[in-house]
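Trainee: Take a look at the letters that make up each chain.
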Amino acid sequence: MARGRQICKLQRPTLGSEIMRETVLKDVHAALGARLVPFAGWTMPVQYRGILDEARTVRAAAGLFDLGHMGRVRINGRQATEYLQRLQTNDVTQIPAGRIRYSMILNDEGITQDDILVYRNLKNDGFFLVINAGNADRDLAIMRALAKDFDVVVDDQTDALGMIAIQGPRSQDITQQLTNADLSSLKYYAWTIGTVLGVPMEISRTGYTGEDGFEIYIPQQHTRAVWDAFMAAGKSHGLMPTGLGARDTLRHEAGMPLYGHEINETTNPLEAGLDWAVKFTHDFVGRAALERLLASGGTGRRLVGLTSNSKRCPRQGYEIKANGQKIGQVCSGNISPTLDTNIATAYVRTEFATPGTKLEFLVKDKAEPCTVTALPFYKRQR
Amino acid sequence: MRPNDRSYLKSHEWCKIENGIATIGITDFAVSHLSDLVFLDLPNKGSNVTIGESFGEIESVKAVSDLYSPVSGEIIEVNKDLTDNLEWLSSDPFAKAWMLKIKVTSLSQELQNAAAYEGNCVEG
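Top line first, the protein sequences correspond to chains A and B. When the count follows the numbering used here, it moves up by one through the first sequence with no breaks and lands on 382 for the last residue. When the count follows the numbering used here, it moves up by one through the second sequence with no breaks and lands on 124 for the last residue.
Isolated chain A (complex conformation) (with noise of 0.2 Å):
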């Protein structure tokens, strides 16, 4: 049984030889029962009571989560600007201060290397990155061979400060009891300075579950302190600390990528349906690549939602067919516990891409139906 197939990215070991890194938090979790797995070089919590219900709790009331494995930058230098035109996808021109963006990191041929928020700082003199953490190495590698090539500074904070989030329709009740920023009007995908018990520190209104929330960079030292302060704060809410393994469950569900899954060192943005994303304003490294791409038509594949009442899972790897012949593959799989049902996306050929094709998945020779659904599969009442 130990030698299952591993399905699920939240298991698959790291590889290398590589300590695994722990959080300031780790210990906390620990005495709230969670199971801590290799995660991205990490030991994270995957689960505290069980990943459907920590899941429902995020969309009925609210979760909080360790996030310290993301990793953490600053950009900051007369050419931040430039830099940053040459490194990521999105125009950051035209991010206004205190504003922030969905990006990626292609290489010269057009491939994601990463997905990242990009933060503009409030006085407009820098920018902070959000990374995965299964890239970090690489992306601060390609982010520091780049900068010699400019007046920048590259400087990682990952160890310098904790990372939490706070997502579900409570979020802003429970946080706004900590803190002196004004929440209410705080924009989606914006950020602000607050203090929480007496300590500045960075909260932004974003988040990878799609429901209204809060990720919050705290000065390190303080990090332990903030946690026990939101969930002491939220107890009275429903506040429960919540696992990776929800955090992917509730990200699929509101159709949003997950790197090493949706995108990898395979795809590229368009067929990931991430163009809206994609300046073509500025020199980015990929730009030629993927412009070459549009005039040629594109790779032929698209990514799509499917969905299935089957008692199987389509799960990540699984063949997608159409009238026998294999037209795809599946980038991940859940079972949603908002829907009530099986939702996967894979990547198949564009003729087959339109919401309500109905296809087959393959679960070892069996095959199974599903239906092309429109992303995202869930989207919150606001």
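Keep in mind that the hints were calculated from the coordinates and are not lab data. From the three backbone atoms N, C-alpha and C, an ideal C-beta is built for every residue, glycine too. Warning: the hint list may mix true and false statements.
Which residues of chain A face chain B? A partial, calculated answer using Cβ under 10 Å [what the hints assert, rightly or not]:
id : residue
1  : 315
2  : 363
3  : 364
Cβ-Cβ distance ranges computed for the label pairs, FRET-style [unchecked claim]:
id : chain 1 : residue 1 : chain 2 : residue 2 : range
4  : A       : 364       : B       : 45        : 18 to 26 Å
5  : B       : 120       : A       : 138       : 31 to 39 Å
6  : B       : 47        : A       : 381       : 46 to 54 Å
7  : B       : 106       : A       : 358       : 40 to 48 Å
8  : B       : 1         : A       : 109       : 53 to 61 Å
9  : B       : 45        : A       : 324       : 30 to 38 Å
10 : A       : 96        : B       : 10        : 55 to 63 Å
11 : B       : 120       : A       : 32        : 19 to 27 Å
12 : B       : 20        : A       : 138       : 55 to 63 Å
13 : A       : 358       : B       : 92        : 38 to 46 Å
14 : B       : 114       : A       : 22        : 28 to 36 Å
DSS-like cross-link-like pairs, simulated, lysine-lysine; straight-line CA separation at most 27 Å [claimed, not checked]:
id : chain 1 : residue 1 : chain 2 : residue 2
15 : A       : 311       : A       : 366
16 : B       : 45        : A       : 364
17 : B       : 96        : A       : 311
Once you've looked at the hints, dock chain B against the given chain A.
Mentor: Relative to chain A, chain B alone:
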């Protein structure tokens, strides 16, 4: 300590032998580690299982795992009710949640007693 009347594989299956018939299932550790079980696929009565080979699959919210046989032989009985009552795996993994009864022709060399198996039940 888990029941002493049976033996265990590192891969978390248990095997209890009485009169040449092996009853097999999976341990409480396996069940708690999988969590949120959603599907169990067991073979049919009359088919054969082989030591170290997969005889079925168990699916949880996040993963599919193969089930490995600690014995070779013919399946003489399948706990068909279990597939519709996966909660038995949590409530009674060593009795009500048995999976197969097998007429044994040979036994895995890797079976351990309860005390030795304990060493495999470490988180992480």
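Trainee: Does the structure break any of the earlier hints, and which numbers would those be?
Mentor: none
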